[in-house]
Amino acid sequence: GAGVSQSPSNKVTEKGKDVELRCDPISGHTALYWYRQSLGQGLEFLIYFQGNSAPDKSGLPSDRFSAERTGGSVSTLTIQRTQQEDSAVYLCASSFSGQPNEKLFFGSGTQLSVL
Amino acid sequence: AQSVTQLDSQVPVFEEAPVELRCNYSSSVSVYLFWYVQYPNQGLQLLLKYLSGSTLVKGINGFEAEFNKSQTSFHLRKPSVHISDTAEYFCAVSDNSNYQLIWGAGTKLIIKP
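Protein sequence lines, in the order shown, are assigned to chains P and L.
Per our numbering, the very first residue in the first sequence carries number 1; after that it's consecutive.
Per our numbering, the very first residue in the second sequence carries number 1; after that it's consecutive.
One or more of the hints may lead you astray.
Computed Cβ-Cβ distance ranges for the label pairs, DEER-style [said to hold, decoys possible]:
hint: 1; chain 1: L; residue 1: E16; chain 2: P; residue 2: T70; range: 43 to 53 Å
hint: 2; chain 1: L; residue 1: T86; chain 2: P; residue 2: S5; range: 21 to 31 Å
hint: 3; chain 1: P; residue 1: S113; chain 2: L; residue 2: K69; range: 37 to 47 Å
hint: 4; chain 1: L; residue 1: K108; chain 2: P; residue 2: S9; range: 15 to 25 Å
hint: 5; chain 1: P; residue 1: K17; chain 2: L; residue 2: S52; range: 44 to 54 Å
hint: 6; chain 1: P; residue 1: Q83; chain 2: L; residue 2: K69; range: 35 to 45 Å
hint: 7; chain 1: P; residue 1: L39; chain 2: L; residue 2: T86; range: 17 to 27 Å
hint: 8; chain 1: L; residue 1: N98; chain 2: P; residue 2: Q41; range: 16 to 26 Å
hint: 9; chain 1: L; residue 1: L51; chain 2: P; residue 2: S5; range: 44 to 54 Å
hint: 10; chain 1: P; residue 1: K17; chain 2: L; residue 2: L51; range: 22 to 32 Å
hint: 11; chain 1: L; residue 1: R77; chain 2: P; residue 2: T70; range: 42 to 52 Å
Honestly, the hints are just simulated from the structure, not real lab data.
Small disclaimer: the values here were computed from a predicted structure and weren't measured.
For glycine and all other residues, C-beta sits at the position ideal for the given N, C-alpha and C.
Using the sequences plus the hints, can you model the full thing?
This is the structure:
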């Protein structure tokens, strides 16, 4: 694919509902990251996938958040029982091999609004 | 623990004037430093990065940044800005053993005609 694709671009949901956010990384990239960007703040690391290794979930803010990556490609971030404080832009990025000196390729993000 | 500070949330500047966007970091180990740019309605993209070697790093669109280890800074500069440079700029740091980037809060560059 041409770049990292995220869907939906916008999601409005009611408090307490579950949401699923999708990320399709660049073909061949083994590393995939999810970040959260809140208004006026830097990006907050959520989770990291690298190949077939166990994901680094250390950034997930609560057990309402989970993510999976199927077949080493597409990833889904699920937020259960959404709260108003979950409102933010959720960004997905991929890189070739996950080395710390590598360029990250970002999607355009999903703007999540919890009413 | 590492941290990144971008002191200015917004920087207004006239078109064709020079600009400097400031970034300071704290880390006890050797670091990699990055500037990413987010144009309106687009995803973040890499502007430039410092890994090692020459402390002056040149990036895309005429931007450059200088790594200053003694001042723990990595300020971004452009000698003459254009309206198309309107964007939000993010500074980020990682150490050479950790894939996690630590991000600053971002600086919005506002170009005045």
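The hints, checked one at a time:
no.: 1; hint: L:E16 to P:T70: 43 to 53 Å; result: 50 Å, holds
no.: 2; hint: L:T86 to P:S5: 21 to 31 Å; result: 25 Å, holds
no.: 3; hint: P:S113 to L:K69: 37 to 47 Å; result: 42 Å, holds
no.: 4; hint: L:K108 to P:S9: 15 to 25 Å; result: 21 Å, holds
no.: 5; hint: P:K17 to L:S52: 44 to 54 Å; result: 48 Å, holds
no.: 6; hint: P:Q83 to L:K69: 35 to 45 Å; result: 42 Å, holds
no.: 7; hint: P:L39 to L:T86: 17 to 27 Å; result: 19 Å, holds
no.: 8; hint: L:N98 to P:Q41: 16 to 26 Å; result: 20 Å, holds
no.: 9; hint: L:L51 to P:S5: 44 to 54 Å; result: 28 Å, violated
no.: 10; hint: P:K17 to L:L51: 22 to 32 Å; result: 44 Å, violated
no.: 11; hint: L:R77 to P:T70: 42 to 52 Å; result: 43 Å, holds
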